[in-house]
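Engineer: The listed protein sequences correspond, in order, to chains Y and V. If you count the first sequence from 1, you need to add 89 to reach this note's numbering. If you count the second sequence from 1, you need to add 568 to reach this note's numbering.
Each hint should be verified, as a subset may be incorrect.
[Said to hold, decoys possible] Here are the simulated DSSO-like pairs of lysine-lysine, each with C-alpha atoms no more than 27 angstroms apart in a straight line:
1. K342(Y) x K93(Y)
2. K751(V) x K729(V)
3. K754(V) x K734(V)
4. K96(Y) x K754(V)
5. K734(V) x K96(Y)
6. K757(V) x K380(Y)
7. K220(Y) x K381(Y)
8. K571(V) x K381(Y)
Since the hints were made in silico from the structure, they are not lab data. Quantities reported herein were computed from a predicted structural model and do not represent experimental measurements.
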Amino acid sequence: MTGKQQKVSLSGNEAIATAMRQINPDVVAAYPITPSTEVPQYFSAFVANGQVDTDFVTVESEHSAMSATIGASAAGVRAMTATSANGLAYMWEVVYIAASMRLPIVMPVVNRALSGPLNIHCDHSDSMGAKDAGWIQLFSEDNQEVYDNIIQALRIAEHPDVSLPVMVMQDGFVTSHGLADMTILSDEDVKAFVGEKDYTGGLLDVDNPVSMGLMDLQPYYIKHKRQQVQAMENAKKVILDIAKEYEELTGRKYSYFEEYKMEDAEAAILVLNSTAGTAKYVVDLLREQGKKVGLIKLRLFRPFPGQELAQAIKKVKALAVMDRIDTFSTWGGPVFTEVRNACYGQVKDTEIVNYIYGLGGKDTDANDILSVYQDLMKIVETGKVDCYYQYLGIEE
Amino acid sequence: MDKMLEIRWHGRGGQGVKTASLLLAEAAFVAGKSIQGFPEYGPERMGAPVTAYNRISDNPITIHSNIYEPDLVAVADATLIGTVDVTAGLKKENPIIVNTDEDPKVIKEKLGFEGPVYTVDANSISVEALGKVFPNVPMMAAVVKVSGLMSYEEFYSLMEKQFQKKFATKQNVIAGNLKALEKAFKEVKSSEEV
Numbered sequence: 090m091t092g093k094q095q096k097v098s099l100s101g102n103e104a105i106a107t108a109m110r111q112i113n114p115d116v117v118a119a120y121p122i123t124p125s126t127e128v129p130q131y132f133s134a135f136v137a138n139g140q141v142d143t144d145f146v147t148v149e150s151e152h153s154a155m156s157a158t159i160g161a162s163a164a165g166v167r168a169m170t171a172t173s174a175n176g177l178a179y180m181w182e183v184v185y186i187a188a189s190m191r192l193p194i195v196m197p198v199v200n201r202a203l204s205g206p207l208n209i210h211c212d213h214s215d216s217m218g219a220k221d222a223g224w225i226q227l228f229s230e231d232n233q234e235v236y237d238n239i240i241q242a243l244r245i246a247e248h249p250d251v252s253l254p255v256m257v258m259q260d261g262f263v264t265s266h267g268l269a270d271m272t273i274l275s276d277e278d279v280k281a282f283v284g285e286k287d288y289t290g291g292l293l294d295v296d297n298p299v300s301m302g303l304m305d306l307q308p309y310y311i312k313h314k315r316q317q318v319q320a321m322e323n324a325k326k327v328i329l330d331i332a333k334e335y336e337e338l339t340g341r342k343y344s345y346f347e348e349y350k351m352e353d354a355e356a357a358i359l360v361l362n363s364t365a366g367t368a369k370y371v372v373d374l375l376r377e378q379g380k381k382v383g384l385i386k387l388r389l390f391r392p393f394p395g396q397e398l399a400q401a402i403k404k405v406k407a408l409a410v411m412d413r414i415d416t417f418s419t420w421g422g423p424v425f426t427e428v429r430n431a432c433y434g435q436v437k438d439t440e441i442v443n444y445i446y447g448l449g450g451k452d453t454d455a456n457d458i459l460s461v462y463q464d465l466m467k468i469v470e471t472g473k474v475d476c477y478y479q480y481l482g483i484e485e
Numbered sequence: 569m570d571k572m573l574e575i576r577w578h579g580r581g582g583q584g585v586k587t588a589s590l591l592l593a594e595a596a597f598v599a600g601k602s603i604q605g606f607p608e609y610g611p612e613r614m615g616a617p618v619t620a621y622n623r624i625s626d627n628p629i630t631i632h633s634n635i636y637e638p639d640l641v642a643v644a645d646a647t648l649i650g651t652v653d654v655t656a657g658l659k660k661e662n663p664i665i666v667n668t669d670e671d672p673k674v675i676k677e678k679l680g681f682e683g684p685v686y687t688v689d690a691n692s693i694s695v696e697a698l699g700k701v702f703p704n705v706p707m708m709a710a711v712v713k714v715s716g717l718m719s720y721e722e723f724y725s726l727m728e729k730q731f732q733k734k735f736a737t738k739q740n741v742i743a744g745n746l747k748a749l750e751k752a753f754k755e756v757k758s759s760e761e762v
């Protein structure tokens with residue numbers, strides 16, 4: 090570890106705002122929406138106190154927040170925003186444009202259920218709805234990870250082989266409003282890690298004039314889409330390289346996903362964000378009883394690390410993929426669908442089942458997770474699956 | 569501490585129950601513990617029932633859910649008894665602390681709870697010390713005392729530092745809160761005392 094670090098207690102939203110303060114972006118444009126409101130709120134205090142020299146733009150809607158961020162990023166400067174749920178939905182058309190213009194915007198998304206019915210609590214319907222918009226997506230278990238992911242996201246986004254926007258997720262209220270102990274880097278270390286923005290190639294680089302956001306007709310549109318996919322492909326190497334560099338600085342290890350006690354596991358859960366922490370707690374309890382259980386915590390959802398996941402999933406006899414969103418396909422949630430697709434032809438002896446959990450903030454506690462492991466251990470024992478797709482913790 | 573300490577707070581919107589859980593987490597953090605402090609968000613209205621939680625441990629805490637089987641319950645408003653099931657999931661060996669001027673034996677009866685019941689008159693203490701009803705600091709003192717989380721001296725000095733940070737320009741608020749904390753620590757009563 091080469092970085093100078095300090096133990097602090099911060100909420101998840103404070104952790105994001107702290108990372109943003111240390112990054113000191115040129116422009117932040119934001120519109121408040123629960124539960125991400127505190128991010129621009131804390132950040133605006135940093136602006137008012139002169140702790141950052143960011144141009145802070147208080148716009149009149151999320152559509153304008155993303156549009157202003159796109160404008161600033163296209164001009165060539167470092168630009169960020171933050172949002173949740175319906176705020177992200179209201180940005181919709183411009184979210185796609187940010188990706189297709191290859192703008193290295195970093196946007197924290199504090200996960201919240203999309204209306205309706207109206208609900209302000211956590212699920213992943215907002216960011217999963219945007220999974221096909223062309224943004225890199227990183228998920229965070231806790232306050233520590235959301236901080237670490239924001240700092241790494243900036244480097245990933247701005248890498249010349251990538252040049253794509255990145256969304257960084259954390260669970261609304263669960264971690265965003267929960268105070269927890271964590272470790273932050275010194276301002277100098279973050280400044281050195283993110284480096285100076287290269288202002289060349291933007292609209293304000295008058296020596297190299299470019300046009301952006303143009304009409305793209307039949308012969309070219311498909312080529313540009315293919316290039317976006319190539320950038321996603323390139324991102325996979327860049328994400329690992331930057332994780333390695335970050336580990337040297339902090340001692341904290343990041344990859345596409347974390348394997349927790351998977352070495353000899355026969356049954357495992359695959360889950361994103363804060364519920365992975367609860368699952369670790371349950372894995373420890375079950376391990377004390379000699380049960381061979383493990384956990385795969387997915388950090389990277391876009392691009393999807395299918396090949397690598399298949400290798401990890403091969404080790405177990407039964408896997409439960411947990412989705413905090415439903416697709417209404419009646420065939421399972423988005424993570425389940427992607428995981429099973431990645432396993433096609435690669436994984437032959439693993440039963441893979443799906444649980445929809447925690448929609449609209451329904452609390453998922455250790456007993457809920459325990460019941461999933463019990464179901465899995467039964468599958469391992471009997472080789473039989475009663476149900477491939479079910480809702481967790483509700484009476485049906 | 570061998571085991572993680574899990575605390576559930578009950579109160580009403582405006583009484584500072586969320587702040588109490590955050591302040592307690594902060595104090596335990598400064599004392600070198602792993603911590604969580606979080607409220608359960610619902611409709612936010614003055615006077616509506618509010619729940620908040622703490623997890624405190626010597627080891628990293630990974631669990632992220634509400635607390636259903638607390639090691640200790642703190643009730644900042646005795647009028648919640650009968651409205652909210654404040655002893656839900658509380659085992660009979662684990663304590664509950666209630667802000668009231670009534671005798672702990674009377675409260676024990678009202679709660680119909682078999683385990684130890686502690687009381688502290690946090691309202692009167694805060695009125696005397698601060699001139700207003702802010703039961704959260706005296707309740708925190710009672711929680712620290714009953715849980716044995718840390719010594720009185722350590723708690724007092726940690727809180728003094730926190731108050732100095734929080735109320736740097738209001739010396740009388742610092743003095744008042746410290747007085748409330750000191751008095752509450754002394755005046756906690758137990759249903760098990762003869």
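Engineer: Now tell me if each hint is right for this structure.
Structural biologist: Verification of the supplied hints:
1. Proposed proximity of K342(Y) and K93(Y) is supported: the alpha carbons are some 17 angstroms apart, at most 27 angstroms.
2. For the hint pairing K751(V) with K729(V), the CA-to-CA distance comes to about 18 angstroms; that is within 27 angstroms, so the pair holds.
3. For the given pair, K754(V) sits about 24 angstroms from K734(V) by alpha-carbon distance, which is consistent with the 27 angstroms threshold.
4. Under the criterion of a C-alpha separation no larger than 27 angstroms, the hint pairing K96(Y) with K754(V) is inconsistent with the structure, at around 33 angstroms.
5. For the hint linking K734(V) to K96(Y), the alpha-carbon distance of about 19 angstroms falls within 27 angstroms, and the restraint holds.
6. The hinted pair formed by K757(V) and K380(Y) fails the criterion: a straight-line CA distance of about 45 angstroms is larger than 27 angstroms.
7. At roughly 33 angstroms between alpha-carbon atoms, K220(Y) and K381(Y) are farther apart than 27 angstroms, so this suggested pair is violated.
8. Note on K571(V) and K381(Y): the hinted pairing holds, with a Cα-Cα distance of about 24 angstroms set against a maximum of 27 angstroms.
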